[in-house]
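Novice: Line by line, the protein sequences give chains A and B. Going by our numbering, the first residue of the first sequence is number 113, and it counts up by one from there. Going by our numbering, the first residue of the second sequence is number 113, and it counts up by one from there.
No lab work stands behind these hints: they were computed from the structure. Computed from a prediction, not measured in an experiment: that's the story for all the values here. You may find that some hints are simply not true.
Any copy will do: because identical chains look the same in the list, a pair fits if it lies in one copy or spans two.
[Unchecked claim] With a Cα cut of at most 27 Å, we get these calculated DSS-like pairs of lysine-lysine: (1) Lys114 - Lys422; (2) Lys420 - Lys311; (3) Lys146 - Lys422; (4) Lys422 - Lys437; (5) Lys480 - Lys422; (6) Lys311 - Lys437.
Protein chains: 2
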Amino acid sequence: MKTTEFRQQAHQLVDWMADYLEQVGQYPVLPAVKPGDILAQLPALPPAQGEPFADIFADFQRVIVPGMTHWQHPGFHAYFPANSSPPSVLAEMLTATLAAQCMIWQTSPAAAELEERVMEWLGHLCGLPSGWSGVIQDTASTATLCALLTARERATAWQANQAGLNGLGAFTVYCSSETHSSVEKGVKIAGLGRQHLRKIEVDDQFALRPEQLQAAIAADRAAGLRPLAVVATVGTTSSCAVDPLRAIAHLCQAEGLWLHVDGAYGGTATALPELRPLIDGLELADSYVFNPHKWMLTNFDCTAYFVKDKAALLRTFEIMPEYLKTGIDQQVNNYRDWGIQLGRRFRALKLWFVLRSYGAEGIRCIIKGHNQLAQQFAAALLARQHYQILAPVNLNLVCFRYAPAHLREAEWETLNPQLLAQLNQTGQVYLSHTRLAGRYTLRAVFGQPTNTEAQVANLLRLLDEQVARLPMQ
Amino acid sequence: MKTTEFRQQAHQLVDWMADYLEQVGQYPVLPAVKPGDILAQLPALPPAQGEPFADIFADFQRVIVPGMTHWQHPGFHAYFPANSSPPSVLAEMLTATLAAQCMIWQTSPAAAELEERVMEWLGHLCGLPSGWSGVIQDTASTATLCALLTARERATAWQANQAGLNGLGAFTVYCSSETHSSVEKGVKIAGLGRQHLRKIEVDDQFALRPEQLQAAIAADRAAGLRPLAVVATVGTTSSCAVDPLRAIAHLCQAEGLWLHVDGAYGGTATALPELRPLIDGLELADSYVFNPHKWMLTNFDCTAYFVKDKAALLRTFEIMPEYLKTGIDQQVNNYRDWGIQLGRRFRALKLWFVLRSYGAEGIRCIIKGHNQLAQQFAAALLARQHYQILAPVNLNLVCFRYAPAHLREAEWETLNPQLLAQLNQTGQVYLSHTRLAGRYTLRAVFGQPTNTEAQVANLLRLLDEQVARLPMQ
Numbered sequence: 113m114k115t116t117e118f119r120q121q122a123h124q125l126v127d128w129m130a131d132y133l134e135q136v137g138q139y140p141v142l143p144a145v146k147p148g149d150i151l152a153q154l155p156a157l158p159p160a161q162g163e164p165f166a167d168i169f170a171d172f173q174r175v176i177v178p179g180m181t182h183w184q185h186p187g188f189h190a191y192f193p194a195n196s197s198p199p200s201v202l203a204e205m206l207t208a209t210l211a212a213q214c215m216i217w218q219t220s221p222a223a224a225e226l227e228e229r230v231m232e233w234l235g236h237l238c239g240l241p242s243g244w245s246g247v248i249q250d251t252a253s254t255a256t257l258c259a260l261l262t263a264r265e266r267a268t269a270w271q272a273n274q275a276g277l278n279g280l281g282a283f284t285v286y287c288s289s290e291t292h293s294s295v296e297k298g299v300k301i302a303g304l305g306r307q308h309l310r311k312i313e314v315d316d317q318f319a320l321r322p323e324q325l326q327a328a329i330a331a332d333r334a335a336g337l338r339p340l341a342v343v344a345t346v347g348t349t350s351s352c353a354v355d356p357l358r359a360i361a362h363l364c365q366a367e368g369l370w371l372h373v374d375g376a377y378g379g380t381a382t383a384l385p386e387l388r389p390l391i392d393g394l395e396l397a398d399s400y401v402f403n404p405h406k407w408m409l410t411n412f413d414c415t416a417y418f419v420k421d422k423a424a425l426l427r428t429f430e431i432m433p434e435y436l437k438t439g440i441d442q443q444v445n446n447y448r449d450w451g452i453q454l455g456r457r458f459r460a461l462k463l464w465f466v467l468r469s470y471g472a473e474g475i476r477c478i479i480k481g482h483n484q485l486a487q488q489f490a491a492a493l494l495a496r497q498h499y500q501i502l503a504p505v506n507l508n509l510v511c512f513r514y515a516p517a518h519l520r521e522a523e524w525e526t527l528n529p530q531l532l533a534q535l536n537q538t539g540q541v542y543l544s545h546t547r548l549a550g551r552y553t554l555r556a557v558f559g560q561p562t563n564t565e566a567q568v569a570n571l572l573r574l575l576d577e578q579v580a581r582l583p584m585q
Numbered sequence: 113m114k115t116t117e118f119r120q121q122a123h124q125l126v127d128w129m130a131d132y133l134e135q136v137g138q139y140p141v142l143p144a145v146k147p148g149d150i151l152a153q154l155p156a157l158p159p160a161q162g163e164p165f166a167d168i169f170a171d172f173q174r175v176i177v178p179g180m181t182h183w184q185h186p187g188f189h190a191y192f193p194a195n196s197s198p199p200s201v202l203a204e205m206l207t208a209t210l211a212a213q214c215m216i217w218q219t220s221p222a223a224a225e226l227e228e229r230v231m232e233w234l235g236h237l238c239g240l241p242s243g244w245s246g247v248i249q250d251t252a253s254t255a256t257l258c259a260l261l262t263a264r265e266r267a268t269a270w271q272a273n274q275a276g277l278n279g280l281g282a283f284t285v286y287c288s289s290e291t292h293s294s295v296e297k298g299v300k301i302a303g304l305g306r307q308h309l310r311k312i313e314v315d316d317q318f319a320l321r322p323e324q325l326q327a328a329i330a331a332d333r334a335a336g337l338r339p340l341a342v343v344a345t346v347g348t349t350s351s352c353a354v355d356p357l358r359a360i361a362h363l364c365q366a367e368g369l370w371l372h373v374d375g376a377y378g379g380t381a382t383a384l385p386e387l388r389p390l391i392d393g394l395e396l397a398d399s400y401v402f403n404p405h406k407w408m409l410t411n412f413d414c415t416a417y418f419v420k421d422k423a424a425l426l427r428t429f430e431i432m433p434e435y436l437k438t439g440i441d442q443q444v445n446n447y448r449d450w451g452i453q454l455g456r457r458f459r460a461l462k463l464w465f466v467l468r469s470y471g472a473e474g475i476r477c478i479i480k481g482h483n484q485l486a487q488q489f490a491a492a493l494l495a496r497q498h499y500q501i502l503a504p505v506n507l508n509l510v511c512f513r514y515a516p517a518h519l520r521e522a523e524w525e526t527l528n529p530q531l532l533a534q535l536n537q538t539g540q541v542y543l544s545h546t547r548l549a550g551r552y553t554l555r556a557v558f559g560q561p562t563n564t565e566a567q568v569a570n571l572l573r574l575l576d577e578q579v580a581r582l583p584m585q
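So here's chain A without its partners, still in its complex pose (with noise of 0.2 Å):
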């Protein structure tokens, strides 16, 4: 494709792309295919000859885009968002356009010391302790794996990386019941084991429980097991539970434990000055993940990772091949050496134009208004008597079920799952659910840039229409 096509074809899609935003909400918010649906609409083989752009753009509108659940419609309230924004979808055309590789600084200077600057914004938009060291990820995931990692690695003066974990005990992570599973599967990829995972009891608002977790580890050490590091959750995946960051810390650093804080959700809420109290004792622990990719306007794949000890992350990753030397190596940042992959896209575009789009008020106004509509959202079903709020709203996620006063626990949970179909099948909104303390939870978050008060009252309207087809009312 020449540049002159391009330019021509990009203007068509840009205007494909300004109406799907505008006219995003019209869409049905999950597709209505069956598995195969797709990929029957898909030819077995690639083609031999090259095909007009103009046939492949066809497709896409014919045979992709009514397959997507479309996680920017107003309606998606399931999981947690991945908040894109147009300042960030404007990032992307470029960063695609520059196409750098961003592994070394020399391969892009300007997007190594971006990277740098931009993690210090965040740092001070959000609160965190001064002196830290950021770097953008891809997931929550990968972060939390590269702190169990550099926990590894600083608990055994680097002798895993060395010399394999084969002799030199069994560790033990902790975490709470209600932690994310990535916090697990780094167990695995580590090396440690998932039965050396603790899952510590929450108490009734799905935090961890300090005592309990002492407990844990003086049964470890008395077992003759090595006690290595605690992930503490600011905003759980099920409820936006906060774990007692401060109390762990205080844990941890008696024990000698690495303390890695999963704000993977809930850190964006901190841009916020009166809910710094979310990460209050952050200063004492060791690494800190939040995702912007979430809940703060920009594109996935964009998680900042911050770590008290930069040269213990360094010494964990670093790699140094001949064909990747450079002269002024001793003087930058090389990425490489801050996470598991070697490539690296310009992922600190979208989070600069985010950042300067929106400013540091214009980024609290959006928080502060979402974290108010689920306020409101849970206010209205009390109001209505026959739904129960199952978690403390926190933040901007109610968590709650459908449970009239004429019906029993085992037909609530019956009824839920049910509902909970009949409102995805509308089109017109996605929830998903949970279970929390053993009952089905259905999760209504509100954390769309697009969401207004206006959305909260469609929800409680479908709600109200679909509980009325439920059997048994």
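Given chain A's structure and the hints, the job is docking chain B onto it.
Specialist: Chain B only, in chain A's frame:
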């Protein structure tokens, strides 16, 4: 930013993007910046209030672009290329707009099924063994780590995942002394220990010597160690050397070792049927990786990872927390379980656009052309008589040095780094270096879609000019 403004700004960006692609050859391929130059132009704090997009875009052009290394410049002959192409950029625009998070089928059915199909297409295009399963990962570093982890788990009947590596013995991994640094990084992450990575001697073509491999395995067994896996390479980073797959594979089968094949760069070449001998024996291996984001016109990141035994991969990485369960998990590909990360971008779209836009023939034509350019360049160097070609020109990489007969080895070692620096300071080309058999080696890759004979002539002219400026001529 409203969508009306987005539409307007995006159109403006498209014109900048098309101009950039037309004019990229006029930028200095390596920017003339020193460490800290960019940082000094970026304010220490994020703005409190949002800024007009015009200001941000102006700063992008004023501060960022002049500080970038231009990877799509026709004079970029360093490392390996990170190919982009107009259809790939167009796809990235749409991916950013849909902004879907493709962790499981339900969160993006069309993305999941398109990924399945384009990976089948790639397997067909490149002559991969039938019956294997493919998944798009971010980088070959990650894919190779996945291979090592799956090997670890298969060898321990998934006990390392369950109970950790302590007490399971010392596992050894084998590769050549020319293998990419990601293997050592993966061995460390997987908890095996770098001292258990055996870097087997290479022959005079820089390919692994199977008899040395066999001896190393035997010695390790005799020492009570547990030989685990071999990583063979198709196109090493330093010189594009190709390890003898079939011989290695037979050894691995006899010894019960996992064989992972790293075709990160060279793999693209097997789109040419006449280059299929590069992967002769692959059907006996266990896993294979190559990067369409290097030499197949697809924007970074897009790594193609193929495995013979899908079930072993999934069993190594699968997680199933309540909040990620859906009703159709047994019928679909949930790609979160095919690797390390939970979150995933919609990367199949750009590969689909590329494969359809160019077709198999279009891709073959580009690869063949690149290989011919490398042969032309090598022939022209030899015709000049004072150059040495330091490795077989297997694909599109030429490893060479300036070695005039009136000087000796020690002087060549001094002159070549200087020649490289002078060449790169012209701003017209960017080459990188390596060491082959201890010799300082210049590397010139001809892998840009825009590379033609004119660029070969240009590089030769620059070489002549810069050699004339060297001391001792």
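Novice: Now look at each hint and say whether the structure bears it out.
Specialist: Against the structure, the hints:
Proximity of Lys114 and Lys422 under a CA criterion of 27 Å is satisfied in neither setting, with 45 Å inside one chain copy and 39 Å between copies. Proximity of Lys420 and Lys311 under a CA criterion of 27 Å is satisfied intra-copy only: 25 Å inside one chain copy versus 34 Å between copies. For the homomeric pair Lys146 and Lys422, the shortest alpha-carbon distance between copies (22 Å) is at most 27 Å, but the shortest distance inside one copy (47 Å) is not. When the C-alpha separation of Lys422 and Lys437 is checked against a cutoff of 27 Å, the pair qualifies only within one copy, where the shortest distance is 20 Å, while the shortest distance between copies is 37 Å.
Taking the shortest Cα distances, Lys480 and Lys422 never come within 27 Å of each other, neither inside one copy (33 Å) nor across copies (45 Å). In this assembly of identical chains, Lys311 and Lys437 lie within 27 Å of each other by CA distance solely across copies; the values are 20 Å between and 43 Å within a copy.
Comparing the model with each earlier hint shows violations of hints 1, 5; every other hint is respected.
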